[in-house]
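Which chain is which? The protein sequence lines are S and U, in order. First residue of the first sequence: 1, per full-length UniProt numbering; consecutive thereafter. First residue of the second sequence: 1, per full-length UniProt numbering; consecutive thereafter.
Source of the hints: derived by calculation from the structure; they are not laboratory data. Fair warning: there could be bad hints in the mix.
Covered, in the sense of this in silico footprint (three residues per stretch, anywhere, with C-beta under 8 Å from a C-beta of chain S), are these stretches of chain U [to be verified]: (1) 56 to 64; (2) 104 to 112; (3) 261 to 267.
Don't be surprised by glycine CBs; every beta carbon is placed ideally from N, CA and C.
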Amino acid sequence: MIIFTCKDTFEDMMSCIYTAWASRLGHKNIRLKTEPIGNLELFCDYRHVDHDPNQTASVIRSIQKKISFRAYQMVYRAAMSFQEEKLDIIYRFLIYGFHYGPSVVNMLQEPAVMNLFELDRKVLNEAHLFREFLRFSEIDHVLISHIEPKCDVLTILAPQFTDRMPSENWMIIDDNRWTAVVHPCDQDYYMTTLSEDELNRLKTSEISDIYTDLWKVFFETIGVEARKNPRCQRTMMPLWYRKHMTEFL
Amino acid sequence: METFSPSLSLQEKLTILADAAKYDVACTSSGADRRGEKGKLGNGVAAGICHSFASDGRCVSLLKILQSNECIYDCKYCLNRSSNDRVRTTFTPEEVCRLVIEFYRRNYIEGLFLSSGVVKSPSYTMELMCRTLSMLRNQYHFNGYIHVKAIPGAPEELLETLGYLADRVSINLELPTPEGLKDLAPHKTQKTILKPMEQIRSGIADHRLSIGKDPMMERFGGNRNLKHTIFDDVRSGRIEEHRQLASNSFLPPAKDKPAPFVPAGQSTQMIVGATAENDLQLLSVTQQLYQKFDLKRVFFSAYVPLNEDSRLPSLDTAPPLLREHRLYQADWLLRFYGFHAEELLSTDRPNFNIMLDPKCDWALRHLELFPVEINRAGYAELLRVPGIGTKSAYRIVKSRRQRSLTFENLKKIGVVLKRAKYFITCNGKMMFHIPIEENFITRQLIGEDYKKSWEIDHPQTYEQLSLFDDQNFSSSPSAEDTCKSLSGQI
Numbered sequence: 001m002i003i004f005t006c007k008d009t010f011e012d013m014m015s016c017i018y019t020a021w022a023s024r025l026g027h028k029n030i031r032l033k034t035e036p037i038g039n040l041e042l043f044c045d046y047r048h049v050d051h052d053p054n055q056t057a058s059v060i061r062s063i064q065k066k067i068s069f070r071a072y073q074m075v076y077r078a079a080m081s082f083q084e085e086k087l088d089i090i091y092r093f094l095i096y097g098f099h100y101g102p103s104v105v106n107m108l109q110e111p112a113v114m115n116l117f118e119l120d121r122k123v124l125n126e127a128h129l130f131r132e133f134l135r136f137s138e139i140d141h142v143l144i145s146h147i148e149p150k151c152d153v154l155t156i157l158a159p160q161f162t163d164r165m166p167s168e169n170w171m172i173i174d175d176n177r178w179t180a181v182v183h184p185c186d187q188d189y190y191m192t193t194l195s196e197d198e199l200n201r202l203k204t205s206e207i208s209d210i211y212t213d214l215w216k217v218f219f220e221t222i223g224v225e226a227r228k229n230p231r232c233q234r235t236m237m238p239l240w241y242r243k244h245m246t247e248f249l
Numbered sequence: 001m002e003t004f005s006p007s008l009s010l011q012e013k014l015t016i017l018a019d020a021a022k023y024d025v026a027c028t029s030s031g032a033d034r035r036g037e038k039g040k041l042g043n044g045v046a047a048g049i050c051h052s053f054a055s056d057g058r059c060v061s062l063l064k065i066l067q068s069n070e071c072i073y074d075c076k077y078c079l080n081r082s083s084n085d086r087v088r089t090t091f092t093p094e095e096v097c098r099l100v101i102e103f104y105r106r107n108y109i110e111g112l113f114l115s116s117g118v119v120k121s122p123s124y125t126m127e128l129m130c131r132t133l134s135m136l137r138n139q140y141h142f143n144g145y146i147h148v149k150a151i152p153g154a155p156e157e158l159l160e161t162l163g164y165l166a167d168r169v170s171i172n173l174e175l176p177t178p179e180g181l182k183d184l185a186p187h188k189t190q191k192t193i194l195k196p197m198e199q200i201r202s203g204i205a206d207h208r209l210s211i212g213k214d215p216m217m218e219r220f221g222g223n224r225n226l227k228h229t230i231f232d233d234v235r236s237g238r239i240e241e242h243r244q245l246a247s248n249s250f251l252p253p254a255k256d257k258p259a260p261f262v263p264a265g266q267s268t269q270m271i272v273g274a275t276a277e278n279d280l281q282l283l284s285v286t287q288q289l290y291q292k293f294d295l296k297r298v299f300f301s302a303y304v305p306l307n308e309d310s311r312l313p314s315l316d317t318a319p320p321l322l323r324e325h326r327l328y329q330a331d332w333l334l335r336f337y338g339f340h341a342e343e344l345l346s347t348d349r350p351n352f353n354i355m356l357d358p359k360c361d362w363a364l365r366h367l368e369l370f371p372v373e374i375n376r377a378g379y380a381e382l383l384r385v386p387g388i389g390t391k392s393a394y395r396i397v398k399s400r401r402q403r404s405l406t407f408e409n410l411k412k413i414g415v416v417l418k419r420a421k422y423f424i425t426c427n428g429k430m431m432f433h434i435p436i437e438e439n440f441i442t443r444q445l446i447g448e449d450y451k452k453s454w455e456i457d458h459p460q461t462y463e464q465l466s467l468f469d470d471q472n473f474s475s476s477p478s479a480e481d482t483c484k485s486l487s488g489q490i
């Protein structure tokens, strides 16, 4: 068994798929994994693949042309997942995809397709929850938000919040990955990585002002006592997502 | 005695006016799809976004407040009725605007839900609300969602102005029958409620025709695969019936699109459990509202006793949460599943089965239509199977084109086999050897759903431990059990 490994970024993963496919070792005989690799397996040969812009572009082009744009979106989102097996799942999906063409996204009875579908759904759901539950606090006319998502949802959130607040300065910080989306007023957003120093400086940005207090008051008032139902509240808004929410701070 | 103190702080005002608004149900931000614009704040997302969930599990999507809790009316069920002794206060338009903008920027809310008690007169109140909305849209450049309650009895011009500023306008029907309304809300009549509703309906139709669309609001996309939904009954012949076209609708096309009028449609709300109406009456009225007034949503609110009155249920009545839940389930069946009110309830059985959801209940009374073959049945037939929803029906139809589906696949696709297994076959075989017999399936389904129903009605209470399986929690019989029961071994 040959295992191809690469860094955990979308570009690296696409290059890795290219290399693995071009190795002509047979789909059965290879596996793909993202780094870091935890336990090494016996009788496996690990090969690290580096990012190559041409290979990446070529894989993306083929997915969009030979399968469909929708399949590309699914693959992209699946690649944002936190699951270890994601790269292999994407690879198995592409084998089917290049064979069946655009109709592959509906073939949910194939385990290879179903696995990708589930990854995609998980990432989308998590991104949606953060779209709902992330909270900004205002410091010097800049809105700053901290999130700790399991999946890498920043690239999905960024265009949504750009549409929502085009004329505001805001940034969303992923505390786990040390990355951030920065959106200056009336300009395009960009992604950046944060140094430890910057992250520490931004850590204390969850401050309270008059509007956070007003919001807490509103939130406590709006529930109807006679219908109290904490279990339903937990189902809709799991405790895990409440870490940075103003009303629970 | 009314106490009026102008010196309340913003926080106190917010507490009073949010507390007074919380019994309004609608907190949806759906229906309006609008891109953000530079220089403005906000956009509209068609599916709606919940930003938090209150302690009662209801979604908090909009800043739900009253403009004022002063009221000249004396509706028996209402917290703000004039005969109640409460602190009265009114938001100024600036205060509302500041709250909305600052909350929206921090991603707390998706927009504003503005209702109001009737200050001085309906016209005065509506004018105040119009001022607020106009300031929010034009001075504060707010582009997010606004849901506003129209006050029955206000002049038409004000309602029209409101319609151009808000995304959704709603007028509460409160009670489904004129008698109930007369009894509990002596200052309102069904006529004064239905008149503005009709005005908004024709305003929406005018606007839709002027931009070249069908006069009726769009409904769930999957409905076009259904033959006979409640919305189809009225669609034909609507254009001829539409007499009063606004004069400016037929001007030559302007450069800009005409300003949208109530783009997210209108909605209403009915109280469940305050009067003696049965579920059939409520559901028939709901269906008629969808058909005649082209409402986007009808909301139900389980009656929470707030006031003591001889004509109302006593103060210790628990809100009929399960009944409300069943009505919402039925409402979904009307809007997304192609059911009609007459199919779900009849005059001999005017109330929903508390033990079973309306779809299971319907299926059990129509066992002659089952089992349905998953690999061959049409979308409409699949939708009628308990345990299959719009998403899973769509996925089934799409995926079976390539290869036939098995029960294992169905589970992954999202079908709730716990309910569906009694009603479906895959490639001609049922999941277990199950007799299609009404009593047997009813027993099974009730056993499985009882716990859930009980929890909806008693969200906070606990039950007495018992040695006996009095709630019938036992797991469903395996294939062997069924064989044994047939051959008489148990």
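Hint check against the structure, violated hint numbers in rising order: 3
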